[in-house]
Amino acid sequence: MKKQKVKQAFALVLCLAMMLIAASGCAKTTTANQSASPSPTQQTASDKQEITDMLGNKVTIPKTIKKVYCTSPIGTYIIYTIAPDRLIGWNSKMSDEANQYINESYRNLPALGGTMGGQNSFNTEEIIKLNPDIILDFAYNGEVSDMVTQLSKQSGIPVVTLDSSLAKTPEAYRLLGKILGVEDRGTALADYAQKTLDKVSSSVAKVPDSEKLRIYYVESADGLKTDGTDSMHTEVINFVNATNVVTMDTSSSGKGTSVSMEQVVNWNPDVIIANSQMGGNEFLKTVYNNKTWSSISAVKNKRIYVPASLPFNWIDRPPCIARILGAEWLANKLYPNYANFDLKSDVKAFYKLFYNVDITDAQAESLLNTTSGIS
Amino acid sequence: MRVLEKTAGTSPSQKFSRANRPPKLPVMAALALLPIAAFLASLALGRFGIPLPQLVKIIIYKILGLAQTWPDTLDKVLFNVRIPRILCGLMVGAALSTSGAAYQGVFKNPMVSPDILGASAGAGFGAAFAILNNFSSLGIQLTAFFFGLLAVAFTYFLSSAMSRGLNAVLILVLTGMVVQSLFSAFTSIIKYEADPNNKLPEITFWLMGGLTSTTQKEVMMMIIPFAIGMIPLFLLRWKINILSFGEEEAKGLGVDTGKMRIIIIISSTLLTSASIAISGMIGWVGLIIPHLTRLIVGPNYKTLLPASALMGATFLLLVDDVARTVFVTEIPLGILTAVLGAPFFLYLLFQGRSSWE
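Quick note, the sequences are listed as chains A and B, same order.
Numbered by my numbering, the letters in the first sequence go through residues 1 to 375 in order.
Numbered by my numbering, the letters in the second sequence go through residues 1 to 357 in order.
The hints are simulated quantities; they were obtained by calculation from the structure and are not laboratory data.
Every residue gets a Cβ at the ideal spot worked out from N, C-alpha and C, and that includes glycine.
Warning: the hint list may mix true and false statements.
Unchecked claim - A short, non-exhaustive set of chain A residues, derived as facing chain B with CB atoms under 10 Å: (1) N91; (2) S92; (3) P110; (4) A111; (5) L112; (6) G113; (7) G114; (8) N123; (9) T124; (10) K129; (11) M147.
From just these sequences and the hints, can you work out the full model?
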């Protein structure tokens, strides 16, 4: 009996000890924070500046920013185009095909993970170890991920949040130019982006309603996953004055929303755009021999397009700066009579200016040709 | 199924002989040292290298309350990232395996665990439901707890109505699987209904969670339900022995089995749902750790329960150390426990099979 009492007491003590350790750990941290917080502001006040990010948050960041961690490829790719030397890593490993268009010194940057698809794969300690000056996050419709807020809280590294919508790309470039101290570069890219977007929207504006095309966006090899008009993934379709047949709510995280074959037949889209990142090439290989799909007008008229994806996808996944070129390309594919651009020279100019690679005519053609439905 | 009971050592005569044997003190002392050793080792592990002498110095300075002489970054890594995560790992591991051990005793069934009984799936559904309806974070916890309890109640009453003593072990496991997939389906419906820009990522984050972004806030959130669930189980743990003999014997010994069972189930479910709130659904721990512990200390709940807590805490902490140190990016914790747990479960089944023949 006595022994049992001892045992019980022991277990209780253990339980309490665990709680105490936990509690004291917390207490210690708070005092540590208090004692540590005044010092950085005193010694480095002049090295800091306050900026307003695209969500209207006032953020205090270092004046010189040498290292940036981006929480998703949207951010990583925009930094790669404006100031690649500030990148501390990709979010996932770049493929060999993509690496053809990536400058050699950045091909082997580590893959640090990110918050893509509603799941976070970054390692908090690893990010703190790499010690970036800011965390760059992109939000669509102003929605910020809890995981990013948490990372910033834990690491003490400020988060700058930009707007990922296509039309705000020039603004994002200007702000980044200012933050990173590369204003000339930022302005150059912003101007090019603005000019291209203006060119595209003014030409597609002339398309009469009667000629507006109805688009279905394919995000799986069987063609039955898609995203609707409300999604961050289909902005280019809306931008080029086409109608996405999918108007229902679709999930923006994860891998697209499932729909039924009968529903697709019922929608009967004029054009299908298939994303090669999401099984689009496999879809294209089989769709023309598929009896069910053959009744759909886009398939009958062979109007299925797979946008180029190197080094970054032109349309979506991720919805990044390559969409500037993607919008131009899609407008031309859909409405060649209204949006008649010299695509080959624009592709070369875009790759030179944004990615700093000289591509040959053959490469430009092959990028444009991955897009043709019939080969 | 008799063989499985044998694995768990629940034959009454065996139990009495074991129960009367004094618990081996050195074994318990060694088990108590395990989580402490794991805690200290984990302090030194991480992607952010902190040299051992510096680590020791920081700890000593902190304990003595001396001024900080090390860079702020070190402080952040240690106190905002690493220690909260270690503490949560310990608590989640202890909670899951203690509740697993308690469930196994109360249901007289060595094959059950929080996930098999549906407690995890029920709690997950409750959380998703609460998030969808804009509950506060306390509200989310309570709803998760309530639905976890509801799921266990479903499993228990349905299976006892069905089995009437026949094949009870198997039927409880099968009913649990049904309840579990039912609640998972409800969760999927909620995810389908949720606003994709706002609620859905929050629900996904909650369900998949992991210990990835554990902060002091999570530690504080865990401590209270952890204590509320753990203390009654510790105090009542010898009565679980009596419950596991069977209704008749327990009543003969003057134990109010009904009340006892309810208290133990409530405490265990609270531990489960609180763990899920912190770390998302982590399978297998609640099943394999009590079994491993039984192999070491025997089936007497007086020692089995605390030993399970100690082993579980150590196990989950070590697995999480792997998750956070091996690669540049994180490996989800649930994947690792499944890789370790599934083969162990198969081993249990094989053990059972070989003794049938």
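Taking the hints in turn, this is what the structure says about them:
Taking 10 Å as the C-beta contact cut-off toward chain B, the hint placing N91 of chain A at the interface holds, the least distance being around 9 Å. Satisfaction of the interface hint for S92 of chain A is found here, the shortest Cβ-Cβ separation to chain B being roughly 8 Å, below the 10 Å cut-off. Hint status for P110 of chain A: holds, given a least beta-carbon distance of 6 Å to chain B, under 10 Å. At a threshold of 10 Å, the smallest CB-CB gap from A111 of chain A to chain B is about 7 Å, leaving the interface hint in force.
Because the smallest distance between the Cβ of L112 of chain A and any Cβ of chain B comes to about 6 Å, under 10 Å, the interface hint for this residue holds. Interface restraint check: G113 of chain A against chain B, minimum CB-CB distance 3 Å, threshold 10 Å, status holds. Satisfaction of the interface hint for G114 of chain A is found here, the shortest Cβ-Cβ separation to chain B being roughly 9 Å, below the 10 Å cut-off. The beta carbon of N123 of chain A is positioned within 10 Å of a beta carbon in chain B (closest approach about 5 Å), and the interface hint is therefore held.
The beta carbon of T124 of chain A is positioned within 10 Å of a beta carbon in chain B (closest approach about 5 Å), and the interface hint is therefore held. Checking K129 of chain A against chain B by beta carbon gives a least distance of about 4 Å; that is within 10 Å, so the hint holds. A hinted interface residue such as M147 of chain A counts as satisfied when its beta carbon comes closer than 10 Å to some beta carbon of chain B; here the least separation is about 6 Å, so the hint holds.
The structure meets every hint from the earlier list without exception.
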